[in-house]
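A.B. asks: In case you want the letters, here they are:
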Amino acid sequence: MAPLLEPSTGFKFDNVKRNQQLVHKGHSLPHATKTGTTIVGLIFSDGIVLGADTRATAGSIVADKNCEKIHFLAPNMYCCGAGTAADTEFTTNMVSSQLALHSLNTGRESRVATAMTMLKQYLFRYQGHIGAYLVLGGYDVTGPHLYTIHAHGSTDKLPYVTMGSGSLAAMSVFESRWRAGLSREEGIEMVKDAIEAGIFNDLGSGSNVDVCVITSGNVEYLRNYARPNERVAKEQAYKFAPGTTEFVVPKPATQHSEEEGTAMDVSA
Amino acid sequence: MDPIEIRVPHTVQRPQATTNHGPIAHSLQPIVTGTSVVAFKYKDGIMMAADCLGSYGSMAMFRDERRLLSVGDSTLVGMSGDISDYQHMKHTLENIMTQEYDMDDGQGLGTKSIYKCMSKIMYNRRCKFDPLLNTYVVAGVDGGDKFLGYVDLLGTTYESPTIATGYGLHMAQPILRKRVEGREDEITEEEAVAILDDCMRVLYYRDARSFNRLIRGKVTAQGVEITEPYSLDTNWSFAESIVGYGA
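So the sequences go chain by chain: A and B.
Per the numbering used here, residue 14 is the first one in the first sequence, and the count goes up by one each step.
Per the numbering used here, residue 1192 is the first one in the second sequence, and the count goes up by one each step.
With a cut-off of at most 25 angstroms between alpha-carbon atoms, the simulated PhoX-like pairs for lysine-lysine come out as follows:
id	chain 1	residue 1	chain 2	residue 2
1	A	78	B	1369
2	A	78	A	247
3	B	1369	A	205
4	B	1319	B	1307
5	A	25	A	38
6	B	1311	B	1281
Source of the hints: derived by calculation from the structure; they are not laboratory data.
Okay, chain A solo, but in the shape it has when bound (with noise of 0.2 angstroms):
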């Protein structure tokens, strides 16, 4: 009979037992970089628009203050990621290889769908222990098509999407405001103050408003769209005035005569 082998793909959960007795002792695990996090999607009349704050948390320290959350998957196809920064960082690069092989494998452009198929799979066979929640959109010969996908690895395909803890906050705009056939200035306006809405009113989602409008062959990734929390100028010159710190002149060390002290002994 052959022996039974480990599998070779996917989480080993070994130590689970261990970093419990640790904790239990004592010990703190370390914090995951987390996104916290508004992400937004909406269909537009010509295409999609997505947005994103900049701020990533570890615990309740922001761990960087202009992060980018909407990652490239193909030249027709954007990703916004919340979660666990390292899982979104990672599926979305690895998806967006696969997709690029496989464009060049079928000699088409790559379909929204067939995305947003790989990182469901993907997601399905790690039961949610990689932590990505994606607002994929993205425009090919099909027309424009706007998922979410869970870290679970279940989608839903809408007209308007939002995830994050910020998500209840940007989805209170989109419920009160969106409609079909916006046209693309109502549709960044709408973007921008949902993610708004989750910056000021959720502490997990800070700093500025990420937007990218992707429509029939043409992305615009409009990098800090709004910077809503910009830093204010200094109210008064803080530098001091020469002179400030008094010092004492020291004395020059005295030297010391050669005659002290004995030779060393250096007699074999």
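Chain A is already provided as a structure; the job is to place chain B on it using the hints.
C.D. replies: Using the frame of chain A, we list chain B on its own:
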């Protein structure tokens, strides 16, 4: 040798050595509950809304539950949380108002007094580890000043031009902060009703324990008025374009 019998007066309580029930633990889970209350200051006073649902867990059990209460003739109180604890508070407030009436000293209890009274009751219960599992929104026009305050099961209190409880905290408060804050004295009654309806509509869409039957209360210098239940128009046309959940 026989153990010495110590005699103490029978009124002294002696610890029960044989049966130890452990610390007394009161229930900390609400049974029949009401969801969000949304309120904000506008030009003439304060407007408040809540839906007419008493949920029994995930069941929409009581569909004509009134969670807005008029206390005296100048205060409007909105409640979210456990209904039975709300009824207890309601009876307590009615007793207090009756005692005040009996005193017949030419003074009534204004909004700020009622707010103070409720916050002390709530904090006291919290200190005894037996909270009233509610969040209250207290509104009134007290001596010409518009007053809007919040008290919860922990006894936390604060005042603000816009207040929302429950899910409203996450979904209605961002809308209120954008549209009301800074403009309280400019908003007319029509605009106030529109803002409130927008908030309640969003909550009906996204709160799974809400109901499309709500009451609206307003309190002005003239007193308290609570409307009859009404329903909001909803728009589901976006659903026509949705097919499936994936490819």
